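*Asks:* Take a look at the letters that make up each chain.
2 protein chains.
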Amino acid sequence: MSEYRAPLRDMRFVMEELCGLEQISQLPGCEDATPDVVQAILEEGGKFATEVLSPLNRVGDQEGCRWEDGRVITPSGWKTAYQQFREAGWTAVACDPEYGGQGLPKLVSTAVMELWKSANMAFSLCPMLTQGAIEALMLCGTDRQKQLYLPKMVSGEWTGTMNLTEPQAGSDLSAVRTRAEPIGDGRFKLFGQKIFITYGEHEMSDNIVHLVLARLPDAPEGVKGISLFVVPKYLVNEDGSLGARNDVRCVSIEHKLGIHASPTCVLAFGDQGGAIGELVGEPNKGLQYMFIMMNEARFAVGMEGLALAERAYQQALAYAQERIQGFEVGQKSDERVPIIKHPDVRRMLLRIKAHTEAMRAMNYHVAAAFDLARHHPDEKVRQRSQAYVELMIPVVKGWCTERAVEMTSLNIQVHGGMGFVEETGAAQHFRDARITPIYEGTTAIQANDLIGRKIARNGGMVAQGLAQEMEKTVVELRATGDAALGRIATRLEAGIAALRKGVEFIVANYQSNPKSAHASSVPLLELFGIVCGGWHMARAALVAHQRLSQGDTADPRFYQGKRDTARFYADHILPHATALAETVVDGAEVTVAFTDEAFALGM
Amino acid sequence: MSEYRAPLRDMRFVMEELCGLEQISQLPGCEDATPDVVQAILEEGGKFATEVLSPLNRVGDQEGCRWEDGRVITPSGWKTAYQQFREAGWTAVACDPEYGGQGLPKLVSTAVMELWKSANMAFSLCPMLTQGAIEALMLCGTDRQKQLYLPKMVSGEWTGTMNLTEPQAGSDLSAVRTRAEPIGDGRFKLFGQKIFITYGEHEMSDNIVHLVLARLPDAPEGVKGISLFVVPKYLVNEDGSLGARNDVRCVSIEHKLGIHASPTCVLAFGDQGGAIGELVGEPNKGLQYMFIMMNEARFAVGMEGLALAERAYQQALAYAQERIQGFEVGQKSDERVPIIKHPDVRRMLLRIKAHTEAMRAMNYHVAAAFDLARHHPDEKVRQRSQAYVELMIPVVKGWCTERAVEMTSLNIQVHGGMGFVEETGAAQHFRDARITPIYEGTTAIQANDLIGRKIARNGGMVAQGLAQEMEKTVVELRATGDAALGRIATRLEAGIAALRKGVEFIVANYQSNPKSAHASSVPLLELFGIVCGGWHMARAALVAHQRLSQGDTADPRFYQGKRDTARFYADHILPHATALAETVVDGAEVTVAFTDEAFALGM
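Those sequence lines, one after another, are chains L and W. Quick note on numbering: the first sequence equals residues 0 to 602 in numbering that gives the first Met the number 0. Quick note on numbering: the second sequence equals residues 0 to 602 in numbering that gives the first Met the number 0.
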């Protein structure tokens with residue numbers, strides 16, 4: 000089994016030539032992130048990922064976490080690796096310098112995040128959840144709360160969790176029942192049970208800062224009665240030192256299909272008198288805060304889709320290069336060849352490669368827009384960028400994660416029978432990938448968000464604006480006069496037309512025919528992802544063409560490969576956009592009309 | 000977790016109204032299989048599947064098999080279940096009455112097989128492999144061999160295995176190295192190691208009859224030097240009683256992603272002086288025999304695709320009916336609803352349902368053609384049916400198994416977070432399904448077979464003939480004047496056109512441009528599967544329409560559901576045929592041209 004290697008060359012290409020790293024590094028507050036500095040960071044991160052995290056990935060899968068009387072024991076080597084991780088400063092990359100963070104742009108922290116997620120997804124969830132908790136406190140904590148919690152969380156000494164789900168409240172958070180009762184000194188006692196809490200208990204850090212959704216005694220029913228609380232595992236004294244053990248306990252951990260090393264905890268709050276917590280932000284606004292933060296969390300899970308596809312690609316490629324089997328098609332030689340010579344193995348490798356590179360370009364492009372939305376001096380650019388980020392988040396999350404299931408499956412297929420044997424390691428990525436279209440909102444939840452808040456609410460304006468941007472690329476491709484680029488242009492154009500058609504259907508039906516709009520939401524999301532991916536690959540092909548035709552590169556093979564990968568994407572993936580548009584427009588009617596009883600009529 | 004229920008209603012519909020069970024039961028030798036008898040068999044089988052096999056499925060997954068010093072211990076309850084299974088006569092269903100079999104038509108044994116595979120796929124592999132070994136001996140064993148082995152194998156007292164794979168010989172069986180040395184009395188000593196041997200060792204039966212590919216001392220290199228041997232675990236005396244333990248030993252079993260209860264063995268032949276075996280059939284024709292038998296084995300694995308999809312559907316449906324979450328879209332009610340009310344859950348359920356029913360119709364239709372090819376008095380019908388069977392085998396195997404991976408994945412998605420927890424049982428089907436596109440020839444191997452032996456060899460004639468058959472259905476759909484059927488016709492017509500285009504590409508390129516033909520082979524196979532599935536669903540819609548418009552059914556809801564499911568298939572699945580045809584025609588060039596080095600250029 001090969002260890003992960005950071006795809007630094009493609010990362011650099013995407014950051015510098017597709018996402019304007021140079022421009023980002025000139026934004027106020029981003030000045031440290033010059034291309035050279037970023038390269039050095041990624042090289043260092045890549046080394047850490049390869050040498051420390053990647054070798055622990057399989058150990059983590061095999062050993063998993065153990066639950067013992069309320070304690071959770073992480074796999075061998077996990078705790079040491081986490082210590083090295085935080086000592087090297089990796090927990091601080093994306094954080095505010097005021098609390099000890101490095102304040103690097105989102106574009107850079109995104110690339111860094113990809114490293115961890117490719118090398119060891121189960122490990123990466125701990126800093127990812129901590130990051131989410133940090134952002135929640137940044138967003139709505141008091142100064143005192145920030146001072147008390149953030150420096151330790153940024154340094155990684157303490158980790159964080161997000162406590163949303165309850166047995167009856169999964170996708171529907173309005174059903175949350177955990178209660179918070181005031182105890183008079185401004186604090187609260189929490190009572191209730193939370194499930195699916197990632198890294199809800201472990202011993203890698205000195206403290207765990209739980210952010211918990213709960214209801215105040217006088218709270219209204221439903222979504223408008225949920226508040227956010229901070230409930231540390233160990234109470235924190237005003238001087239920052241640790242106090243008593245709080246009344247929150249890990250009752251059990253789940254036995255899961257994948258990410259075995261990431262403890263998925265059932266947490267009981269208040270079984271012994273009440274878990275002490277503080278309100279974060281205003282009462283009854285918990286869900287609203289969550290929605291703001293979800294952009295980041297969903298983006299991060301979308302990055303898992305990319306990261307697992309990259310890992311799957313590397314593994315499939317290594318196996319295809321070394322496994323000798325059969326003879327080359329159409330050659331008269333009786334010499335057996337590595338399976339990479341077989342056309343269908345090449346097709347599978349290119350399918351993973353094309354998707355991986357498309358996802359990287361798409362996701363980093365959204366990351367760069369995060370930076371523009373936050374730091375650009377021109378308010379119009381900030382607004383436009385923010386709208387683009389918000390439109391794209393459900394696509395990044397929904398499409399990349401669904402793709403990861405397919406890409407990790409293809410990796411198994413390239414391995415043949417060996418792929419089904421756990422020892423090979425291919426199966427782990429497939430198992431790990433399967434959670435990504437579920438957590439942080441299932442694909443259907445992403446699709447709801449896409450068609451509702453992101454499309455219908457603005458009459459499809461933002462999405463159609465994006466389509467218009469894409470059409471400029473079609474014109475640019477054609478302007479080169481290059482035949483291969485012209486073919487990419489034709490397919491991209493058809494894809495954009497399909498996307499427009501899909502968006503129009505949603506806009507026309509969202510109010511008048513909401514069930515139909517929702518029945519078409521996931522096909523639309525998939526269509527959206529395919530076309531966005533195709534757009535970015537087309538942009539990449541354009542850049543590659545320019546570099547090659549101007550002869551201004553020392554690295555022509557990279558650009559040729561990029562152009563060919565873009566062509567593969569156009570010929571193999573983009574045609575499905577048209578098919579999906581047919582489904583979006585015509586396929587909802589029967590889904591909605593099908594009677595409940597008819598589902599069981601075959602028995 | 001729900002137990003499996005036999006989908007008897009749909010099975011009956013497919014057998015009687017789409018596959019001509021009545022006609023089959025009039026073929027010489029098939030007279031016992033009247034629709035009433037078949038119904039009784041399926042009801043009995045369904046009971047056994049629900050009551051005995053289905054409850055053991057999870058136990059088998061959790062416990063798996065254990066290897067202890069050469070012995071393999073099957074999970075709790077396995078041995079008893081197997082005994083019940085064979086005592087009830089289920090091992091004999093498809094076998095020749097001359098050796099104790101029931102000689103039921105393939106159409107019927109196929110439906111019976113579906114039951115076992117849905118209820119407990121890991122269990123079903125034991126009788127399936129035995130069936131393969133029975134067929135090999137039927138095909139080319141001597142009368143003495145048949146008398147010696149077949150009655151005990153048909154009764155299930157002995158089981159069988161197929162020993163093909165070796166570490167260096169997976170998809171490429173020409174690389175087989177196991178040797179067979181004559182010992183003078185007409186028998187041979189075998190030496191070598193075989194891997195991935197399903198049920199290669201276990202204690203459910205008194206003996207295990209291994210069929211083994213090996214090379215004679217003077218054998219030519221490559222595929223033309225491989226012979227077939229029968230090597231029993233216990234030597235068999237001429238009176239049929241068991242003799243000495245043979246020198247074949249299970250060295251280890253694999254730790255696999257799924258089908259944990261099916262022992263996947265490494266078998267060592269001849270470590271202690273040589274495993275005694277007899278030649279089966281003529282020397283050096285082993286691979287040829289394998290190819291003849293593979294039709295049956297590949298068909299059976301294709302049935303696993305259908306069977307797992309059915310099981311996934313039942314589980315997803317049960318969960319969707321009982322899980323309460325969220326509110327109905329577009330309703331003002333504040334009452335929470337079962338998730339089956341949510342449009343995207345309906346879409347997912349219909350996606351599984353439509354694929355499952357399409358696969359059932361397609362596979363049973365091929366099974367009926369097996370019967371026609373074997374028993375029909377008219378030689379032309381026999382030949383035509385045989386050509387159809389051979390064309391369809393790679394499609395049944397390749398398409399249904401790839402779909403099973405998606406369908407079992409959708410079942411997890413319907414379950415949300417619970418789907419990722421092993422306890423729920425959804426994850427097991429997903430893990431089990433992943434082997435099906437690999438064993439008995441990967442999807443690429445099926446696709447090679449499809450484009451080479453099944454399409455190019457006859458200049459695409461058989462496939463184009465099938466397309467012509469399908470076009471008749473388009474005409475019949477239109478002739479009804481029904482709007483819904485008209486829409487199905489339009490999409491089917493586009494699908495057929497895509498199929499014709501794809502077949503033409505293969506025919507045009509197979510000789511002159513073999514790498515391109517092979518690069519397009521899997522997309523063509525997928526296209527083929529989609530269109531065949533669409534054709535059978537269209538036929539089903541037509542039958543349903545007729546029954547409904549003639550008012551000659553007591554069961555109108557079933558037929559309405561069938562028609563709507565066909566429409567879903569047409570709107571959601573058929574449109575991708577056109578997209579795939581674009582890939583088949585245009586997508587090979589870049590796959591072939593991509594340089595080996597370019598695969599690694601992103602690092």
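Keep in mind that the hints were calculated from the coordinates and are not lab data. Among the hints, erroneous ones may be present.
Far from chain W, some chain L residues (derived; all Cβ distances over 12 Å) [stated by the list, open to error]: (1) Q83; (2) D142; (3) S170; (4) E253; (5) H341; (6) V344; (7) R430; (8) A446; (9) Q463; (10) A466; (11) A507; (12) A587.
Here are a few chain W residues that face chain L, going by a calculated C-beta distance under 8 Å [to be verified]: (13) E277; (14) G280; (15) G415.
Note that the coordinates shown come from a computational prediction; the quantities given were computed from them, not determined experimentally. Every residue, glycine too, gets a C-beta built ideally from N, C-alpha and C.
*Asks:* State for each hint whether it applies.
*Replies:* Hints, one by one, checked against the model:
Distance check on Q83/L: its Cβ is at least 24 Å (rounded) from any Cβ of chain W, clearing the 12 Å threshold; non-interface status holds. Under the 12 Å C-beta cut-off, the non-interface status given to D142/L relative to chain W holds; the minimum distance is some 36 Å. With 12 Å as the threshold on Cβ separation, the claim that S170/L sits away from chain W is violated: the shortest Cβ distance comes to roughly 6 Å. A cut-off of 12 Å between C-beta atoms contradicts the statement that E253/L is not in contact with chain W; the least separation is 5 Å.
A beta-carbon of chain W comes within 12 Å of the beta-carbon of H341/L; the shortest separation is about 7 Å. Distance check for V344/L against chain W: the nearest CB is about 7 Å away, which does not clear 12 Å, and the non-interface claim fails. Some Cβ of chain W comes within 12 Å of the Cβ of R430/L; the nearest lies about 7 Å off, and the non-interface call is violated. Distance check for A446/L against chain W: the nearest CB is about 7 Å away, which does not clear 12 Å, and the non-interface claim fails.
Every beta carbon of chain W lies more than 12 Å from that of Q463/L, the smallest distance being close to 23 Å; the non-interface claim holds. Every Cβ of chain W is farther than 12 Å from the Cβ of A466/L; the closest lies at roughly 20 Å, confirming the non-interface assignment. At roughly 15 Å from the closest C-beta of chain W, the C-beta of A507/L stays outside 12 Å, upholding its exclusion from the interface. Interface exclusion of A587/L from chain W breaks down, the closest Cβ pair being 7 Å apart, not more than 12 Å.
For E277/W, the shortest C-beta to C-beta distance to chain L is roughly 28 Å, which exceeds 8 Å, and the interface hint is violated. Given hint, G280/W at the interface with chain L, is violated; its Cβ is 25 Å from that chain's nearest Cβ, farther than 8 Å. The interface hint given for G415/W holds, since its Cβ lies 6 Å from the closest Cβ of chain L, which is under the 8 Å cut-off.
Hint compliance for this structure: hints 3, 4, 5, 6, 7, 8, 12, 13, 14 are broken, all remaining hints hold.
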